[in-house]
Amino acid sequence: METTMDCESLRSSVVSRRSLLLGGASFAAWAYLPKFARAADGRDPRLVVVILRGALDGLATVAPIGDPDYAGLHGSIALSSNGPNAALPLDNFFSLHPAMPEFARMYREKNAAVIHAVATSYRDRSHFDGQDVLESGFAGPGRVQSGWLNRALEGLPKGERVMSALAVGPTTPLVLRGAAPTVGWAPVAVPQAAEDTAMRLVELYQHRDPALAAALKQGLALDKAAQGDDMKPKPGTNGVAAMRLVARGAAKLMAADDGPRIGALAFDGWDTHANEGGPVGRLAQLLGGLDGALAEFESGLGARWRDTVIVIATEFGRTARINGTQGTDHGTGTIALLAGGAVKGGRVIADWPGLKPANLYQGRDLAPTTDLRAVMKGVLKDQFGLAEKVLAENVFPDSSAVKPMQGLVG
Amino acid sequence: MARDSQAALVALNRFGLGARGGASGDILNAASDPRGFVKQELARPNGVLLEVPGLQSTPALGKAVFDYQFEIQQARDAAAKSAAPAPAIEGQPPADAKAQRRNLSLNSIAMDMAPREPSREAPAKLPENPDAAMASAEAMRANAPKPPPAPLNVIQKTFRAEALARLQRAVIADCGFTERLVVFWSNHFCISANKGGPARMWAGSFEREAIRPHVLGRFGDMLKAVEQHPAMLFFLDNQQSLGPDSRAGRNRNRGLNENLAREILELHTLGVGGGYSQADVTSLANIITGWTYAGRLGQLGPPASFVFNANAHQPGAQRVMGKIYDASDVMQGEAVLADLAGHPATAKFIAGKFVQHFVADDPPPALVARLADVFTRTDGDLKALATALVDSDDAWKAPPSKMRSPYEFLVAAGRLLAQIPNNPGLYLTALNALGQPLWAPAGPNGFPDTNAAWAAPEGIKLRLDISAQIAARLADGVDPRDLLELVAADAASSETRRTIERAESRQQALALLLMSPEFQRR
Chain L
12 METTMDCESL
22 RSSVVSRRSL
32 LLGGASFAAW
42 AYLPKFARAA
52 DGRDPRLVVV
62 ILRGALDGLA
72 TVAPIGDPDY
82 AGLHGSIALS
92 SNGPNAALPL
102 DNFFSLHPAM
112 PEFARMYREK
122 NAAVIHAVAT
132 SYRDRSHFDG
142 QDVLESGFAG
152 PGRVQSGWLN
162 RALEGLPKGE
172 RVMSALAVGP
182 TTPLVLRGAA
192 PTVGWAPVAV
202 PQAAEDTAMR
212 LVELYQHRDP
222 ALAAALKQGL
232 ALDKAAQGDD
242 MKPKPGTNGV
252 AAMRLVARGA
262 AKLMAADDGP
272 RIGALAFDGW
282 DTHANEGGPV
292 GRLAQLLGGL
302 DGALAEFESG
312 LGARWRDTVI
322 VIATEFGRTA
332 RINGTQGTDH
342 GTGTIALLAG
352 GAVKGGRVIA
362 DWPGLKPANL
372 YQGRDLAPTT
382 DLRAVMKGVL
392 KDQFGLAEKV
402 LAENVFPDSS
412 AVKPMQGLVG
Chain U
161 MARDSQAALV
171 ALNRFGLGAR
181 GGASGDILNA
191 ASDPRGFVKQ
201 ELARPNGVLL
211 EVPGLQSTPA
221 LGKAVFDYQF
231 EIQQARDAAA
241 KSAAPAPAIE
251 GQPPADAKAQ
261 RRNLSLNSIA
271 MDMAPREPSR
281 EAPAKLPENP
291 DAAMASAEAM
301 RANAPKPPPA
311 PLNVIQKTFR
321 AEALARLQRA
331 VIADCGFTER
341 LVVFWSNHFC
351 ISANKGGPAR
361 MWAGSFEREA
371 IRPHVLGRFG
381 DMLKAVEQHP
391 AMLFFLDNQQ
401 SLGPDSRAGR
411 NRNRGLNENL
421 AREILELHTL
431 GVGGGYSQAD
441 VTSLANIITG
451 WTYAGRLGQL
461 GPPASFVFNA
471 NAHQPGAQRV
481 MGKIYDASDV
491 MQGEAVLADL
501 AGHPATAKFI
511 AGKFVQHFVA
521 DDPPPALVAR
531 LADVFTRTDG
541 DLKALATALV
551 DSDDAWKAPP
561 SKMRSPYEFL
571 VAAGRLLAQI
581 PNNPGLYLTA
591 LNALGQPLWA
601 PAGPNGFPDT
611 NAAWAAPEGI
621 KLRLDISAQI
631 AARLADGVDP
641 RDLLELVAAD
651 AASSETRRTI
661 ERAESRQQAL
671 ALLLMSPEFQ
681 RR
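Protein chains in written order, with my numbering: chain L, 12 to 421; chain U, 161 to 682.
Calculated directly from the structure, the hints in this document are not laboratory data. Each residue gets a CB set at the ideal place from its N, CA and C atoms; glycine is no exception. Don't take every hint at face value.
[What the hints assert, rightly or not] Simulated restraints, written as ranges between beta carbons of each label pair:
| id | chain 1 | residue 1 | chain 2 | residue 2 | range |
| --- | --- | --- | --- | --- | --- |
| 1 | U | ALA220 | L | SER310 | 52 to 62 Å |
| 2 | L | ALA150 | U | PRO524 | 55 to 65 Å |
| 3 | L | ALA369 | U | LYS557 | 52 to 62 Å |
| 4 | L | THR380 | U | LEU312 | 55 to 65 Å |
| 5 | L | THR380 | U | ARG641 | 25 to 35 Å |
| 6 | U | ARG641 | L | HIS218 | 26 to 36 Å |
| 7 | U | SER654 | L | GLN156 | 39 to 49 Å |
| 8 | L | GLY153 | U | SER653 | 52 to 62 Å |
| 9 | U | SER653 | L | GLN229 | 48 to 58 Å |
| 10 | L | GLN229 | U | SER654 | 43 to 53 Å |
| 11 | U | LYS557 | L | VAL291 | 19 to 29 Å |
[What the hints assert, rightly or not] Chain L is nowhere near these chain U residues, computed Cβ spacing over 10 Å in every case:
| id | residue |
| --- | --- |
| 12 | SER488 |
| 13 | ASP636 |
| 14 | ARG666 |
[What the hints assert, rightly or not] Partial pick of chain L residues on the chain U-facing surface, computed with a CB cut under 10 Å:
| id | residue |
| --- | --- |
| 15 | GLN203 |
| 16 | ALA209 |
| 17 | GLN229 |
| 18 | ASP282 |
| 19 | TYR372 |
| 20 | GLY396 |
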């Protein structure tokens with residue numbers, strides 16, 4: 012009881028002081044996870060869910076270079092197995108984006124895996140609704156009271172409380188929101204709006220308010236100048252350095268004996284409609300940040316990395332064919348990535364649908380052949396021993412037809 | 161009844177503090193009867209008062225701040241005497257501080273992670289400290305690992321309580337027109353909390369006692385209440401001003417301080433081109449010598465209450481603007497103020513500022529002339545002035561060319577997102593970052609009221625950063641597409657609508673909505 016009150020007072024003081032400084036990426040964890048969820052084999056498992064908001068281009072991240080139609084569809088931004096920025100081969104068919112050498116290493120060490128041509132049950136193309144489905148675990152949009160990760164926690168046996176309080180960040184991702192209490196943390200200095208948001212606003216102002224357009228453009232230029240070297244990472248939420256920073260902090264917290272066992276965080280900025288870039292460019296930068304974040308988790312978790320699974324997912328994919336602005340529009344099938352010492356890695360798991368025009372979903376998107384819920388269920392089942400019935404009824408309601416994917420962990 | 165969404169935007173944003181979210185129906189009501197929506201608040205003069213349990217009168221606050229400063233002084237003196245370090249005066253750490261620290265282990269790890277690279281720091285923009293006054297000092301070390309925050313002293317506590325009461329009122333007000341009037345008059349007759357402890361202590365009570373009761377009353381009454389309020393007397397140094405020939409002046413060989421007299425003429429009444437001379441300033445300064453407030457010991461009256469100290473008053477008649485004032489007491493100054501309030505230059509000055517605030521940087525001359533006429537005819541009836549503004553067609557026809565001030569912007573965001581603050585910290589920090597620290601303008605001319613000030617490049621960029629942070633906290637659970645309907649309905653431009661619909665996340669969409677011309681302009 013006393014400890015609870017401490018939590019409350021800490022919460023209010025910290026929130027008031029720091030709320031304005033929090034960026035879009037936040038970290039949250041559940042406070043009541045049993046300490047030894049897997050007492051039988053002595054494991055003390057960790058799970059991190061990373062949400063990539065904006066829809067990741069799965070075909071650009073894990074490229075099906077062996078598919079004869081890939082290069083034509085992805086055109087000028089397609090990855091290639093040779094040349095100065097060659098993609099990193101994962102097997103005879105798929106290659107990884109060259110901005111992700113750490114993930115490639117983990118993959119070689121069999122601590123990372125790819126699930127390709129995956130999608131949630133959502134089939135329209137609104138980011139908001141797509142993220143709701145991804146995170147709520149419900150089959151359709153509009154159910155935003157709780158997330159599947161939070162409901163998974165409720166399915167676990169109530170155990171010893173493993174941690175008390177943590178500095179509170181106000182944005183808990185929907186995936187972790189719900190009845191089970193969460194606490195959060197965020198690095199203090201991520202104050203800038205994302206560059207992508209600024210560019211969209213400049214665009215709007217150019218159409219509607221030229222005076223504000225001029226002012227904002229100048230303000231952005233001033234900021235850049237103040238930061239000196241353009242090539243240095245921007246301090247915004249989406250900056251490569253900020254992604255590493257969030258991961259570093261989260262890893263250190265989760266490595267603690269009294270630290271959280273489950274975490275969720277979100278990275279923004281994956282909505283690459285224009286100038287997506289190929290082996291180098293905008294997406295490459297973001298992927299580099301993600302790769303760096305994974306490396307931070309690996310080093311920060313130390314001995315705990317052995318029992319860790321990180322799941323990376325996004326609301327949907329992007330069009331197979333590039334658009335008129337060297338980017339890709341909202342699509343359907345994409346990838347999910349797994350990394351961590353507990354992952355049975357070194358594999359690209361895919362029921363590959365092919366990229367022939369007739370095989371594309373609605374003639375434009377990579378067709379999904381794997382339900383993302385199967386991946387999540389497989390991880391939850393293997394990592395925490397959650398029963399299939401609980402997964403099918405509570406965690407992912409009405410999903411009994413979607414069986415947990417076998418053998419992802421172990 | 162026909163609905164006019166463009167007129168609704170004028171009602172909500174030019175005159176009010178923006179549409180409230182949730183089920184307020186503000187945009188519909190404003191569209192159905194735009195003028196009625198604005199004028200409804202004018203019928204309730206008592207609604208302008210801010211009477212909140214726990215907020216104290218200026219004398220009560222004065223006693224607390226005098227005692228606090230006295231304690232500090234005594235401690236300093238004692239320390240100086242013993243050459244030992246001064247004891248902590250701010251009070252003991254709370255009993256639970258230790259317990260908090262115990263539970264901070266993970267937090268300290270997190271703090272240890274705080275960025276150190278200078279390129280990543282933006283502390284100057286968003287200092288974490290709760291009070292604007294100490295912002296710059298705090299900013300220097302905003303990213304250093306922090307000890308648990310020190311308990312607030314009585315001045316900080318009071319300032320935050322006053323700020324919170326004002327912000328809560330602004331966020332819940334129906335239209336917000338009278339709150340906008342309060343802000344306008346409070347800025348016209350501004351003090352600065354940065355002047356010192358008493359000013360910070362009284363910033364809120366000054367507005368509650370000298371401004372609010374007269375926002376729908378008479379200008380002359382407001383003028384007198386302001387110039388006799390301890391906060392204003394302290395802010396413009398009048399408590400130090402002694403008549404050179406007064407008993408106190410002769411004894412101490414000190415004299416006049418013209419500060420308050422000049423600002424009364426230049427900023428509060430006639431305006432800089434209002435036809436007064438330096439001789440008028442000096443005369444008025446003489447006239448208001450002795451206008452002061454009682455100190456801690458209460459020798460002149462209850463501490464922190466207005467008193468006329470005859471010992472400090474310059475004896476004799478004075479000529480101001482061609483008229484002789486020969487009363488020998490406080491009536492002498494009060495007579496000057498009454499005449500200044502009724503002067504045609506004052507009517508013109510006030511009308512121009514009023515229209516510039518609400519309508520356009522270059523106020524339409526016909527509208528200014530009409531309002532000046534109303535002001536004169538009604539003997540400075542401020543309700544009549546406000547009503548005349550709302551009744552004029554010019555005020556509705558002008559395009560939305562004004563930027564919302566930082567305060568209007570943040571309050572509008574709070575209203576739209578239905579966030580009734582229970583802590584003023586976020587607002588104070590953001591206002592500070594955006595260059596409009598609450599009750600603390602840089603000078604006695606108050607905050608600027610033009611686009612040049614608020615649409616500056618750095619300011620717009622900062623607004624964007626703050627919008628993004630508001631969105632990061634509050635985007636969950638709201639649909640920015642629905643909010644756009646509450647903000648502008650079918651007056652929203654197709655470009656804004658598209659920009660919001662195509663945003664990559666709720667957070668981004670909300671940030672863009674808050675930055676849209678529909679939300680920023682009024």
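Task: Whether the CB-CB distance between ARG641 of chain U and HIS218 of chain L falls inside 26 to 36 Å - done: Given a distance of about 19 Å, which is not inside 26 to 36 Å, the answer is violated.
Open item on the list: I want to verify a distance hint. Is the separation of the beta carbons of GLY153 of chain L and SER653 of chain U within 52 to 62 Å?
Closed with: Cβ of GLY153 of chain L to Cβ of SER653 of chain U: about 28 Å, so the range 52 to 62 Å is violated.
- [ ] Using the Cβ atoms, figure out if THR380 of chain L sits within 25 to 35 Å of ARG641 of chain U.
- [x] 32 Å, holds
- [ ] Determine whether the Cβ-Cβ distance between ALA220 of chain U and SER310 of chain L falls within the hinted range of 52 to 62 Å.
- [x] Taking Cβ atoms as reference, ALA220 of chain U and SER310 of chain L lie about 58 Å apart, which means the hint holds.
- [ ] State, for the Cβ atoms of LYS557 of chain U and VAL291 of chain L, whether the hinted interval 19 to 29 Å holds or is violated.
- [x] 53 Å, violated
Task: Interface hint for ALA209 of chain L, Cβ within 10 Å of any Cβ on chain U - done: 6 Å, holds
Task: Per-residue hint verdict: GLN203 of chain L, partner chain U, C-beta under 10 Å - done: Interface hint status for GLN203 of chain L: holds (5 Å vs cutoff 10 Å).
Task: 43 to 53 Å as the expected CB spacing between SER654 of chain U and GLN229 of chain L, which holds or is violated - done: Check failed, 26 Å falls outside 43 to 53 Å.
Open item on the list: Would the non-interface assignment of ARG666 of chain U survive a Cβ cutoff of 10 Å against chain L?
Closed with: Its Cβ does come within 10 Å of chain L, the nearest being 5 Å, so this is violated.
Open item on the list: Interface hint check: GLN229 of chain L, Cβ to nearest Cβ on chain U, cutoff 10 Å. Holds or violated?
Closed with: 4 Å, holds
Open item on the list: A range of 48 to 58 Å was offered for this pair. Does it hold for the Cβ distance of SER653 of chain U and GLN229 of chain L?
Closed with: 23 Å, violated
Task: Cβ separation of ALA369 of chain L and LYS557 of chain U, checked against the hinted range 52 to 62 Å - done: 59 Å, holds
The structure is inconsistent with the numbered hints 6, 7, 8, 9, 10, 11, 13, 14, 19 and 20, although it conforms to all the rest.
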